[in-house]
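Going down the list, the protein sequences come from chains V and B. Following this note's numbering, the numbering of the first sequence begins with 54 at its first residue and continues without gaps. Following this note's numbering, the numbering of the second sequence begins with 529 at its first residue and continues without gaps.
Rather than coming from a laboratory, the hints here were simulated on the basis of the structure. Where hints are given, some of them may not hold.
[Stated by the list, open to error] Partial list, computed: chain V residues near chain B (C-beta under 7 Å): (1) Gly95; (2) Phe118; (3) Leu149; (4) Ala150; (5) Thr157; (6) Gly158; (7) Glu159; (8) Phe162; (9) Gly163; (10) Glu164; (11) Gly165.
Computed from a predicted structure; not experimentally measured. Note that beta-carbon positions come from the ideal geometry of N, C-alpha and C, so glycine has one too.
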Amino acid sequence: DARVTQTPRHKVTEMGQEVTMRCQPILGHNTVFWYRQTMMQGLELLAYFRNRAPLDDSGMPKDRFSAEMPDATLATLKIQPSEPRDSAVYFCASGLARSGQGNTGELFFGEGSRLTVL
Amino acid sequence: GEDVEQSLFLSVREGDSSVINCTYTDSSSTYLYWYKQEPGAGLQLLTYIFSNMDMKQDQRLTVLLNKKDKHLSLRIADTQTGDSAIYFCAESSGTYKYIFGTGTRLKVLA
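Bound-form chain V, shown alone:
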């Protein structure tokens, strides 16, 4: 049963600490997205990759956030230093970029990493 796996599921940390969230996309998918969900802002796109190359990270605060795909099976989102306003649920999603008929472009989401920064 193919699924997107995210770790950790929950993280509580203190302000100023580094936080790294990891995502294993579904094998064979060539796009990976990072979203942040808060009650106030809804679902914000932070970054997305196609074939491991970053295509858009304009939604990400560059001074403290970084996103990478060291290989096709791993995507990381790092926050350094973390701040209380970073508290949110972070979702990773993967999909297959459309090419021709038959591909709906569906995104498959992980269960999220709930981050609390004290």
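Following the hints, put chain B in place on chain V, whose structure we already have.
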């Protein structure tokens, strides 16, 4: 830039129809989606529509697309308590950049 807007809350009685609305700004959107998020879980695709279609029906779900007004709606017939969730509208264009709305929290009253 691209933007997708939805109302935040909707409350309906069990057995009634629910209609969730969405507006988007990107005229180059080629695919439009509805995702469902249950408590503590990630989003799951509910249904989708191509931009060259006006309507799509899938069992209790009906999607209507007004491309001129950039308006998308999701109708759930015979709404059940199990339909209580957050529903997200999303659009995707040729660059495959996925933009989601803020989500509509549907509450079904027994």
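Was the hint right that Gly165(V) lines chain B, CB cutoff 7 Å?
-> holds (6 Å)
Holds or violated: Ala150(V) as interface residue toward chain B, Cβ cutoff 7 Å?
-> holds (5 Å)
Would the hint on Phe162(V) stand, with a C-beta cut-off of 7 Å toward chain B?
-> holds (3 Å)
Once the shortest beta carbon distance from Thr157(V) to chain B is found, is it less than 7 Å?
-> Holds, about 5 Å.
Interface hint status, Phe118(V) versus chain B (Cβ within 7 Å) = Hint on Phe118(V): violated, closest Cβ of chain B at ~18 Å, above 7 Å.
With 7 Å as the cut and Cβ atoms as the points, is Glu159(V) at the interface with chain B?
-> For Glu159(V), the interface hint holds, since the closest Cβ of chain B sits about 5 Å away, which is under 7 Å.
Taking 7 Å as the limit, does the beta-carbon of Gly95(V) come near enough to a beta-carbon in chain B?
-> Gly95(V) check passes; min Cβ-Cβ to chain B is 3 Å, inside 7 Å.
Are Gly158(V) and chain B close enough, Cβ to Cβ, to be under 7 Å, as the hint says?
-> Since chain B brings a Cβ to about 5 Å from Gly158(V), closer than 7 Å, the hint holds.
Hint check: 7 Å Cβ-Cβ cutoff, Glu164(V) to chain B = holds (5 Å)
Should the interface hint for Gly163(V) be scored as holding, given a Cβ-Cβ cut-off of 7 Å against chain B?
-> Gly163(V) check passes; min Cβ-Cβ to chain B is 6 Å, inside 7 Å.
Was the hint right that Leu149(V) lines chain B, CB cutoff 7 Å?
-> With Cβ-Cβ at 9 Å, over 7 Å, it is violated.
In terms of the numbered hints stated before, the structure departs from hints 2 and 3, listed from lowest to highest.
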